[in-house]
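Work out the full structure: start from the sequences and follow the hints.
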Amino acid sequence: GDSVTQMEGPVTLSEEAFLTINCTYTATGYPSLFWYVQYPGEGLQLLLKATKADDKGSNKGFEATYRKETTSFHLEKGSVQVSDSAVYFCALTGYSSASKIIFGSGTRLSIRP
Amino acid sequence: DVKVTQSSRYLVKRTGEKVFLECVQDMDHENMFWYRQDPGLGLRLIYFSYDVKMKEKGDIPEGYSVSREKKERFSLILESASTNQTSMYLCASSLGLANQETQYFGPGTRLLVL
Numbered sequence: 001g002d003s004v005t006q007m008e009g010p011v012t013l014s015e016e017a018f019l020t021i022n023c024t025y026t027a028t029g030y031p032s033l034f035w036y037v038q039y040p041g042e043g044l045q046l047l048l049k050a051t052k053a054d055d056k057g058s059n060k061g062f063e064a065t066y067r068k069e070t071t072s073f074h075l076e077k078g079s080v081q082v083s084d085s086a087v088y089f090c091a092l093t094g095y096s097s098a099s100k101i102i103f104g105s106g107t108r109l110s111i112r113p
Numbered sequence: 001d002v003k004v005t006q007s008s009r010y011l012v013k014r015t016g017e018k019v020f021l022e023c024v025q026d027m028d029h030e031n032m033f034w035y036r037q038d039p040g041l042g043l044r045l046i047y048f049s050y051d052v053k054m055k056e057k058g059d060i061p062e063g064y065s066v067s068r069e070k071k072e073r074f075s076l077i078l079e080s081a082s083t084n085q086t087s088m089y090l091c092a093s094s095l096g097l098a099n100q101e102t103q104y105f106g107p108g109t110r111l112l113v114l
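Order-wise, the sequence lines are chains A and B. Residues in the first sequence are numbered from 1 upward in steps of one, following our numbering. Residues in the second sequence are numbered from 1 upward in steps of one, following our numbering.
I should point out that these hints are in silico values taken from the structure, not numbers from a laboratory. Using N, Cα and C, we set each Cβ at its ideal position, and we do this for glycine too. Each hint should be verified, as a subset may be incorrect.
[What the hints assert, rightly or not] Not everything, but these chain B residues come out facing chain A in the computed CB check (under 8 Å): (1) Gly-40; (2) Leu-43; (3) Gly-58; (4) Pro-61; (5) Thr-102; (6) Gln-103; (7) Phe-105; (8) Pro-107.
[Stated by the list, open to error] The calculated lysine to aspartate or glutamate pairs, modelled on EDC-like cross-linking and capped at a C-alpha distance of 20 Å, are: (9) B:Lys-57 with A:Asp-2; (10) B:Lys-53 with B:Asp-26; (11) B:Lys-55 with B:Glu-30; (12) B:Lys-53 with B:Glu-17; (13) B:Lys-3 with A:Glu-42.
Have a look at this one:
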């Protein structure tokens with residue numbers, strides 16, 4: 001079945017550091033890919049998404065490119081801020097599970113001032 | 001602005017109690033979902049509903065039931081709470097069933113079963 005694997009945390013970085021959180025997926029057909037973010041004490045909210053191969057999703061300085069050849073959707077940001085501290089979830093929806101989002105296990109990111 | 005609300009942020013219940021978690025969305029969305037979130041396991045789908053009075057089992061429906069009598073409201077019911085149901089419960093909604101749809105989440109209910 002469809003699945004998402006993302007790098008385990010926690011990840012701790014200094015402010016202004018470069019961020020990469022790896023995400024790979026297994027799915028039949030052509031899934032849509034998402035990154036959701038959960039700030040402390042809140043529910044999840046969509047950070048960015050990409051719906052077809054080679055699409056790049058971007059928001060708030062974060063980017064991720066849908067790479068079908070490597071089945072990956074890595075999240076990157078050039079210069080992180082303390083306010084980026086949160087849990088990040090990679091996710092997909094596929095034709096075999098169109099009504100359901102398949103989530104990765106989440107990566108906790110902490111940014112030091 | 002999109003809004004999904006959940007009836008409680010924190011709940012403490014005893015083993016064997018019947019527990020109701022309520023979720024309301026104000027976006028006229030067709031679909032609503034209940035997940036539980038546990039450390040290291042991400043989010044797991046319990047039940048979802050794509051229309052009033054319609055429901056489908058998710059990945060972990062055992063020990064839970066749901067009710068959707070009105071479009072805007074989706075209730076999760078723990079018939080007889082057990083300690084292994086201690087978790088964070090998240091409700092979400094989406095407009096339709098297309099696989100590009102964004103889901104909008106409530107703030108979560110942290111349930112402790114003693």
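Going down the list of hints, with the structure as the test:
A least Cβ separation of about 6 Å between Gly-40 of chain B and chain A falls short of the 8 Å threshold, and the interface hint therefore holds. Interface restraint check for Leu-43 of chain B: the shortest CB-CB distance to chain A comes to about 4 Å, inside 8 Å, so the restraint holds. For the restraint placing Gly-58 of chain B at the interface with chain A, the shortest Cβ-Cβ distance is roughly 7 Å, inside the 8 Å limit, so the hint holds. Among the interface hints, the one on Pro-61 of chain B is violated; its C-beta lies about 13 Å from the nearest C-beta in chain A, farther than the 8 Å criterion.
Because the closest C-beta pair between Thr-102 of chain B and chain A is about 5 Å apart, less than 8 Å, the hint holds. Taking 8 Å as the C-beta contact cut-off toward chain A, the hint placing Gln-103 of chain B at the interface holds, the least distance being around 6 Å. The beta carbon of Phe-105 of chain B is positioned within 8 Å of a beta carbon in chain A (closest approach about 4 Å), and the interface hint is therefore held. Using the Cβ-Cβ criterion of 8 Å, the hint placing Pro-107 of chain B at the interface with chain A is satisfied: the shortest such distance is roughly 5 Å.
Straight-line distance between C-alpha atoms of Lys-57 of chain B and Asp-2 of chain A comes to about 17 Å, which keeps the hinted pair within the 20 Å bound. This hinted pair checks out: Lys-53 of chain B and Asp-26 of chain B have alpha carbons roughly 18 Å apart, not beyond 20 Å. Annotation: proposed proximity of Lys-55 of chain B to Glu-30 of chain B holds, straight-line Cα distance about 12 Å (limit 20 Å). Taken as a hint, the Lys-53 of chain B and Glu-17 of chain B pair is broken in the structure, with Cα atoms around 25 Å apart against an allowance of 20 Å.
The hinted pair formed by Lys-3 of chain B and Glu-42 of chain A meets the criterion: a straight-line CA distance of about 13 Å does not exceed 20 Å.
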